[in-house]
Amino acid sequence: MDALLQFLLSGVTVGAVYALVALGFTIIYNASDVVNFAQGEFVMLGGMITVFTYQAGLPLPLAAVLAIAITSLVGVALNKLALEPARGAPVVSLIIITIGASIFIRGAAQLIFDKQLHRFPSFSGDQPIHILGATLVPQSLWVIGGAVLVFIGLWLFFTKTLTGKAVLATANNRLAAQLVGINTGWIMTLSFALSAAIGALAGVLVTPITLVGYDVGVGLALKGFAAAMLGGMGNPKGALVGGIALGLLEALTAGYLSSQYKDAVAFIVILAVLFVMPQGLFGKSTTERV
Amino acid sequence: MLTVEGLRSAYGPIEVLHGVDLEVRSGEIVTVVGANGAGKTTLLHCLSGTQPISAGRIQFRGDELTTVPAYRRLRRGLAQSPEGRQIFTNLSVEENLRLGAFLYTDERVERDMQDAFAMFPILREKRNLVAGGLSGGQQQMLAIARALMGRPHCLLLDEPSMGLAPLIVAQIFEVVESLRARDVTILLVEQNAYGALKIADRGYVMETGRISMTGPAAELIADPRIREAYLGI
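If you read the protein sequences in the order shown, they are chains A and B. Number 121 in full-length UniProt numbering belongs to position 121 of the first sequence; there are no gaps in the numbering. Number 138 in full-length UniProt numbering belongs to position 138 of the second sequence; there are no gaps in the numbering.
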């Protein structure tokens, strides 16, 4: 029983990280139908930039904010320099461009920073919290809280604000979006900035627990992608539920089977979703009259 | 209201508009008729800024429009209900209408939406449904209503009758004619030349990227060449 609770707690923590990555996927996917595989690199940049600016002497909160801001700019640059010039290309080509961009960012990070693993102190100390015999580090609460807040923010953004609807409209029909007066170029810039900021926030929150290195983005992007697929691509609720579910599955697999199979869970989830319900848990099935 | 001079436009190396001159005066319904591929839709996209032009100029309400980006042209008062409707298929009917008034946040938005529902009662009934599930005629109504939500002085209408049953076509043309009373000037592009010329004040006939004939709609409808080529009479 104690063990189960422990697995659940660590599963939710890891799941919250996957949820944050998946939420980042959601925005760019909603704005452009593109799955941005450089999303994991945003997480890495958030962690790495915080580490190095903190080591350079900045206070931690300031370092974190700076990291999120810089990563947002990287996101905007990715759109302007790599994706916008290819506008009109098939979505698959654009997705391949994001894979290329992720390799580039990883390489650049390796040169600019280094190849070591780093961390910075937890926000609220490392004294574990005891819950019914299981333990939880305080930083976990930051991660879970961050995921929930970002989810609520995005959910309100897409359902309650006109700008959020404009993002959805731009993805659905760019031509019509322009005709109703939406500056679609600006919407894309906004989407990439927001997406990158959420990714960087995930990196800032999770680094004290999992450490950060130049190559942590690949795994996170894959896990986040699996979470988004499971929940239903494009739906913030799906991203949150998918992320937590994947985290729990991983933790339970590691606990009751073997930690060697942990990483396979994400791939099994992707395959199962594709075979059984390609639209995911909350995704809309796409039927359209023509 | 709208003056077009020597407009040229190309898709890559292939020029499809070879110098189009056209004028729409305030309060008019003007129609551009012509066969499939004559360049009518391209002309409207040039006017809306969604298709680049290679020469010529567009003036609208006394201002130069030629270099204004597409998303700013609605603010100037020029709206388009595009060919193939181009509604936001995964958003609800109401969200489509709200986005039509994307530029506005005042209380008139709600009033305009009620107006749209009064004009097309079926849209009120289906306001919460996903727009992609509407029938073709309903989608066309939504496209026109969405364009009107943008408070245009001039509405560009591209093939509103395309693919619709005759009864629906008649209803759509009736609505278009009724817009005159709302102070909306209309440039209507149609393959259904007879229906368009019947409600229009003036007409232009377009052939392979050029204006081949122009005049009052009543004269065009009576012209033997038009009757033979476009009206099938």
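Take the hints with a grain of salt, since some may be wrong.
Below, a sample of chain B positions facing chain A; criterion: calculated Cβ distance under 10 Å [unchecked claim]:
#	residue
1	52
2	54
3	56
4	59
5	66
6	74
7	85
8	228
9	229
Quick caveat, the hints were computed from the structure, so don't treat them as lab data. Idealized CB from N, CA, C, for every residue including glycine.
Here is what the structure says about each hint:
no., hint, result
1, 52, "violated, 13 Å"
2, 54, "violated, 19 Å"
3, 56, "violated, 21 Å"
4, 59, "violated, 20 Å"
5, 66, "violated, 17 Å"
6, 74, "holds, 4 Å"
7, 85, "holds, 9 Å"
8, 228, "violated, 33 Å"
9, 229, "violated, 30 Å"
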